[in-house]
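Enquirer: One-letter residues, chain by chain:
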Amino acid sequence: MRKLITLCYACAALLLLSAPLVSAKELSGKLEIFSWWAGDEGPALQALIDQYKAAHPQVEVVNATVTGGSGVNAKAVLKTRMLGGEPPDSFQVHAGQELIGTWVKADRMEDLTFLFKEQGWMDAFPAGLVKQIGTDKGIWSVPVNIHRSNVVWYVPENLKKWGITAPASWDEFFAVAPKLKEQGVVPLALAENWTVNHLWESVALASLGADNWDAVWAGKLAFDSPEGVKAWELFGKVLEYTNQDASSLSWQQATDMVVDGRAAFNVMGDWAAGYMATTKKFAPGTGFGWAASPGTGGQFMFLADSFGLPKGAPNRDNVIAWLSLLGSREGSDAFNPLKGSISARTDSDLSKYNDYGKSAAADFGKDRIVGSLAHGVTANEGFMNDFASVMEMFLKSRNAAAAAKAAQQIAVKNGIGK
Amino acid sequence: MRNHDRIKAFFTLLPSIVLLAVFVYGFIGNTFWISLTDWGGVAALAEEPVRNYAGFANYAELFAGFLGGSFRQDLVNAVFYSVSLLAGAIGIGLVLAILLDNKPCGEALFRTVFLYPMALSFIVTGTIWRWMLAPQGGVNILPTYAGGQPLRFRWLSSTDTVLQFDWQNLLEIVCFLLAAILIVWGFWLLREQPRKAAIRLLLPGVVLGGGTWLWGDLLPRALFMEEMHGLNLATLGIILATVWQYSGYTMALYLAGFTGISQDLRDAAMLDGAGATAYYRHIALPMVRPITISAVIILSHISLKMFDLIFAMTGPDNGATGHPALNMYLTTFRANEFARGAAIAIVLFLIAATFIIPYLISSYRQRRGGR
Amino acid sequence: MAQVELSRVSKQFGATRVVHDVDLRIEDNEFIVLVGPSGCGKSTVLRMIAGLESVTSGEIRIGGRPVNQVAPKDRDVAMVFQNYALYPHMSVYENMAFSLKMAREPREEIERKVREAAEILELTPYLDRRPAALSGGQRQRVAMGRAIVRCPSVFLFDEPLSNLDAQLRTQMRMELKKLHLRMSTTTIYVTHDQIEAMTLADRIVILRDGQIQQVGTPVEVFEQPVNRFVAGFIGNPPINILPAVVSGSGADAVLAMGGLRLPIHPPPDCLDCRQVLAGIRPDAIEIGSRLSGLRKEWQVEATVVLAEILGGHSLLEFTAGGNTMIAEVEGRLTARPGERLTLGFDLDRLLLFDTESGLTLR
Chain A
13 MRKLITLCYA
23 CAALLLLSAP
33 LVSAKELSGK
43 LEIFSWWAGD
53 EGPALQALID
63 QYKAAHPQVE
73 VVNATVTGGS
83 GVNAKAVLKT
93 RMLGGEPPDS
103 FQVHAGQELI
113 GTWVKADRME
123 DLTFLFKEQG
133 WMDAFPAGLV
143 KQIGTDKGIW
153 SVPVNIHRSN
163 VVWYVPENLK
173 KWGITAPASW
183 DEFFAVAPKL
193 KEQGVVPLAL
203 AENWTVNHLW
213 ESVALASLGA
223 DNWDAVWAGK
233 LAFDSPEGVK
243 AWELFGKVLE
253 YTNQDASSLS
263 WQQATDMVVD
273 GRAAFNVMGD
283 WAAGYMATTK
293 KFAPGTGFGW
303 AASPGTGGQF
313 MFLADSFGLP
323 KGAPNRDNVI
333 AWLSLLGSRE
343 GSDAFNPLKG
353 SISARTDSDL
363 SKYNDYGKSA
373 AADFGKDRIV
383 GSLAHGVTAN
393 EGFMNDFASV
403 MEMFLKSRNA
413 AAAAKAAQQI
423 AVKNGIGK
Chain B
13 MRNHDRIKAF
23 FTLLPSIVLL
33 AVFVYGFIGN
43 TFWISLTDWG
53 GVAALAEEPV
63 RNYAGFANYA
73 ELFAGFLGGS
83 FRQDLVNAVF
93 YSVSLLAGAI
103 GIGLVLAILL
113 DNKPCGEALF
123 RTVFLYPMAL
133 SFIVTGTIWR
143 WMLAPQGGVN
153 ILPTYAGGQP
163 LRFRWLSSTD
173 TVLQFDWQNL
183 LEIVCFLLAA
193 ILIVWGFWLL
203 REQPRKAAIR
213 LLLPGVVLGG
223 GTWLWGDLLP
233 RALFMEEMHG
243 LNLATLGIIL
253 ATVWQYSGYT
263 MALYLAGFTG
273 ISQDLRDAAM
283 LDGAGATAYY
293 RHIALPMVRP
303 ITISAVIILS
313 HISLKMFDLI
323 FAMTGPDNGA
333 TGHPALNMYL
343 TTFRANEFAR
353 GAAIAIVLFL
363 IAATFIIPYL
373 ISSYRQRRGG
383 R
Chain C
33 MAQVELSRVS
43 KQFGATRVVH
53 DVDLRIEDNE
63 FIVLVGPSGC
73 GKSTVLRMIA
83 GLESVTSGEI
93 RIGGRPVNQV
103 APKDRDVAMV
113 FQNYALYPHM
123 SVYENMAFSL
133 KMAREPREEI
143 ERKVREAAEI
153 LELTPYLDRR
163 PAALSGGQRQ
173 RVAMGRAIVR
183 CPSVFLFDEP
193 LSNLDAQLRT
203 QMRMELKKLH
213 LRMSTTTIYV
223 THDQIEAMTL
233 ADRIVILRDG
243 QIQQVGTPVE
253 VFEQPVNRFV
263 AGFIGNPPIN
273 ILPAVVSGSG
283 ADAVLAMGGL
293 RLPIHPPPDC
303 LDCRQVLAGI
313 RPDAIEIGSR
323 LSGLRKEWQV
333 EATVVLAEIL
343 GGHSLLEFTA
353 GGNTMIAEVE
363 GRLTARPGER
373 LTLGFDLDRL
383 LLFDTESGLT
393 LR
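Protein chains in written order, with my numbering: chain A, 13 to 430; chain B, 13 to 383; chain C, 33 to 394.
Excised from the complex, chain A in its bound form:
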């Protein structure tokens, strides 16, 4: 017995000694990861950290989270740290212009093209996505997950009861909406201010089409062009079928309206699937249904969380190892099923995802990919902040031409497409 234990100790010691030898590069020190993922999203991040620790046991991982306000607070803290010359090793940021407009333009990020080439990610990620997260000067972050913004949610049973189907276009929606209203059902549930922007981008995408949508953000099509004004007009019409108390509801409460049968539809990102499946215990497909938001079939409006490498990161090698893990198939398949999102890679293991995830992954592979405005892909933070004022103005005045004009002004001011 005693001998057996001694043998075990010996084996363990041998393993410990040999482990560093196995690893190609011996990493040590610290890795500070800055994010606003706590609560529901905490376990997903933890899964990644666990994998990282298993691979690099010598590295002490510091999980710095600043919660609240869907990242508003975290972003403010991050900015003070960066201004103070004390950047974290790697931080969470919405992929696209939110990163580029704020940090790349300020020359605070390192180009990651070398890592994308080294890891073979140029092929693993869809080309449309790589274009959105990079500029002509480089690629700036590694996307960890993909969410879809243009999804309309409903309860199939209720639709059957009311004798309607999910509308494929806004015209179809306008055909059934008055009937729903007569029955005392809110046709489209809406929540507080940011969800209004969220709805706007789905409506505008439907009105403009993917090409014009991209043209707007490339600065090639003006917001106050006839097409742009039309988008605002359509949006104004859609708003007439939303609930009056929107601004005092959270997005979950708007989703609840659909689940409880008080509203027919809700346009929300696919985190709503996680909410209905996990919190509300509805089965995807039967308990709740989804479709691309009206008029956006075949288009996948994405948003992504990503991590980058700030210049002057104290532990650069550790960050590169971290980013490699994030982009790897194992890493993203560990993270996304827990987060309720899909992997940015086209080769992910679909068996790990639920029904909604499978369907979204399939669409991601074949649809036209466009970026989301409300979640920081297509426009910088300055524009997004000013856009909130424009939206407020529109909600008050319902004047499409004026809103389009104002949107163009802020686009010029914030250098959209430059």
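Treat the hints with care, since some could be wrong.
[What the hints assert, rightly or not] Below are the BS3-like pairs computed for lysine-lysine, each with C-alpha atoms no more than 27 Å apart in a straight line: (1) 193/A with 129/A; (2) 149/A with 408/A; (3) 91/A with 115/B; (4) 115/B with 105/C; (5) 145/C with 208/B; (6) 323/A with 129/A; (7) 133/C with 208/B; (8) 191/A with 172/A; (9) 105/C with 209/C; (10) 143/A with 378/A; (11) 292/A with 378/A; (12) 91/A with 149/A.
[Unchecked claim] To give an idea of the chain C side of the interface with chain B (calculated C-beta under 10 Å), a few residues: (13) 79; (14) 83; (15) 103; (16) 109; (17) 114; (18) 138; (19) 175; (20) 179; (21) 198; (22) 202; (23) 205; (24) 206; (25) 248.
Keep in mind that the hints were calculated from the coordinates and are not lab data.
Fair warning: this is a prediction, and the values are worked out from it, not measured in the lab.
Positions of the beta carbon are idealized from the N, C-alpha and C atoms, including for glycine.
Given chain A's structure and the hints, the job is docking chains B and C onto it.
Expert: Just chains B and C, lined up with the frame of chain A:
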């Protein structure tokens, strides 16, 4: 000996003087400097951000620029918010204090109950009231307990605006307000000091009001376009929550003041023929005037710095219930417009100063007079 | 102008009874002083008259009108408080004008009355000042002015002089008396200071434990106190009270106090009393030239314990026949402790009290 003491005192105070100079006044100065630059936009967060002197361009943009509309509405909100909070919290606090001052049974219990909301953080208050003021719940269903119809008012999401005015006419409106204040004040003093009232207050008031009415068109426009602002009804919910939180506080302040008035004074007033109303109006309230002044200063500061409550109740982008402090945070840390944010901060600072500086001057004079 | 009548007035706070069945009739224009040790209920009686305390039982009438249910302001009384109770945020003028303003008198009338009162009280130069900028005596005057302007039918004073220093107190006391002579308004004055009582009062009411002990003019209560308590309370220095035995009767009666044997004429109540308490006022003991007015038998040998000169007169503590007493004598007495001298008792002013009840035997 005296000199020696002074030197000692100076060195004792030195650390706090230095800290204050750097961390309070230095930073105010720095913020003011930033507000005069163009720091913002795309490269705002570069390691060595470009900052060019821009004069008062940021202020001009805020008050008369195309995109300053939300700031202007926030400012109007803040004014209505401050005035309502002052009236509400001081009025209700006073009534509660008077009720408790008459020593009803269970006075100690009520005192605690009324003071308790003070102990909550704004985030908690905000969350509670957000639920209470939900369109189909809380306050709105109260009447149903009495057999009535539920209220339909949308406390936090109403888009109605009352007392609307056009920002273009700001100067005219300010003149009218001043005239109104002078005239009301004049009538107030008419019985006591008829000469002073007529010459110093009523006459200028009437002249100013009449002049503005006749030649107001000659005043410069404050903005190049029509822009309506007013009291957004959605702020009523926020006002309600703040009043709820601070009435108990003013009550405690007043109650402490009232309890400090000797029983003899009360008896004397009673013998002099002052009933309860006259006692509070002529004796108790004037005697606790310092308390009223501190309450006004404290509450106006709170209302000017209000951030977390609004954030918790209606979120960051709700224009109807916006507040300059919230706007400052979002402008600075979300839009990266550091110079613009600094300008908003300075505007708030100056408004706060208009409340506090007269108070400081008067208390300084009083202290010197007392010697 | 009014009388004030109290009939069987009682006051109870919870289970404690602080005023017992007080009967008192105060005549029009009379200056009545309520006096007694602290806690005797004198302030409570005053506050009941003012209407600041409710009456538990009994009735109070002012000018013949029952006022138990009448609000203080409608009783036509004015009160001066111990700590003056001036309104600190008002000027002297406003303080005095306040009650008139409350009564909605015309502005000119208020002005006239306040100026008149200020003139009487010599407050005219201070009318614009706040109470905080006045001396104690001036504040006291403002408090009186506030009472005067209303021309009430009854003035109530609650220990108004006790916050002043001794000198000012004497001065204010005299001014108060002059004021009363001038205004001749019914006045009820509460004090614990028997000198104020003696000097100011037309009649003194002595209270103890909520009960009236005696009502009388200052001389009456001094010379003919109804009991040992009144005798002890009135008079300064206090009366000497000694255990004594009366023996014999008629012309042979003798009062034995310690080693002293003094012939007396016992009062009718004491025809066959034996154990008594003898009360001798300090000013009823004489020395030197004034001995000649006294009977020879009332003169005794005494030993000086201490002699104090108080200006025009002196206090002498001595022992005689084993009794220690205090005498108040004319002139400046320079006797040393231990010195022996002859002194005499004016036993015509002797008071005898029952040892049990303390009642005066007469």
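Enquirer: Going through the numbered hints above, which ones does this structure break? Give me the numbers in ascending order.
Expert: When the structure is compared with the hints, numbers 1, 2, 3, 11, 18, 21, 22, 23, 24, 25 turn out to be violated.
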